[in-house]
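Produce the complete structure using the sequences and hints provided.
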Amino acid sequence: QKEVEQNSGPLSVPEGAIASLNCTYSDRVSQSFFWYRQYSGKSPELIMSIYSNGDKEDGRFTAQLNKASQYVSLLIRDSQPSDSATYLCAVNAASGSARQLTFGSGTQLTVLP
Amino acid sequence: EAGVVQSPRYKIIEKKQPVAFWCNPISGHNTLYWYRQNLGQGPELLIRYENEEAVDDSQLPKDRFSAERLKGVDSTLKIQPAELGDSAVYLCASSLGRGYYEQYFGPGTRLTVT
Chain P
279 QKEVEQNSGP LSVPEGAIAS LNCTYSDRVS QSFFWYRQYS GKSPELIMSI
329 YSNGDKEDGR FTAQLNKASQ YVSLLIRDSQ PSDSATYLCA VNAASGSARQ
379 LTFGSGTQLT VLP
Chain Z
-9 EAGVVQSPRY KIIEKKQPVA FWCNPISGHN TLYWYRQNLG QGPELLIRYE
41 NEEAVDDSQL PKDRFSAERL KGVDSTLKIQ PAELGDSAVY LCASSLGRGY
91 YEQYFGPGTR LTVT
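Residue numbers (my numbering), protein chains in the order written: chain P, 279 to 391; chain Z, -9 to 104.
Note that these hints are calculated values from the structure, not bench results.
Built from N, CA and C at the ideal position, the CB exists for glycine as well.
A few chain P residues that face chain Z, going by a derived Cβ cut-off under 8 Å, partial list only:
1) S321
2) P322
3) S327
4) L366
5) S383
6) G384
Over the 12 Å line for every Cβ pair with chain Z, so calculated as not near, a few chain P residues:
7) T302
8) F339
9) Q348
10) S351
11) P359
And the structure:
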């Protein structure tokens, strides 16, 4: 089982709709969770961080965390074509004796005009 | 505020040749990371520095990879000799403090080994 799992997609939504991106993780003691956006040929860009159960909103983005279910999600409201990118979920997870930021493989989102 | 700077942006080398990547983190960021990202995958950590100390290098292939961070600022990642399987994007990231606070990535170096 991969430590951080995401649906690879592609996920297509029409412009103006809500895009919902999901991520599950296996390390129960993880405390830090991040969403990165990566445009094709570019490096990952941090867009959201969340540390506590519940919702965290930043503009059109809402991150949701449920530690009991080991689940973190990202909602993008009023999706725009410029939101088309790969979204990476990252979790502070154990790796051997250390803890490190472990990334999922990403979900490719396409927003259709 | 300037972001993480990396060079070169692209590098094409033949197998068995050496290659080096350079990174300058965001000013004031004490923690520096080197990641490797293969196509269609998320970044994978190679090494983490706290100031000039390598505190997590468990995933660095030490037979051919080496890294240094002299004076706790700039860092260099080297591969010698390169293999075909080393073709990937090498990303440098930095963060303010210990542990895994928000990490900010540089533009990366795309390495192609032929």
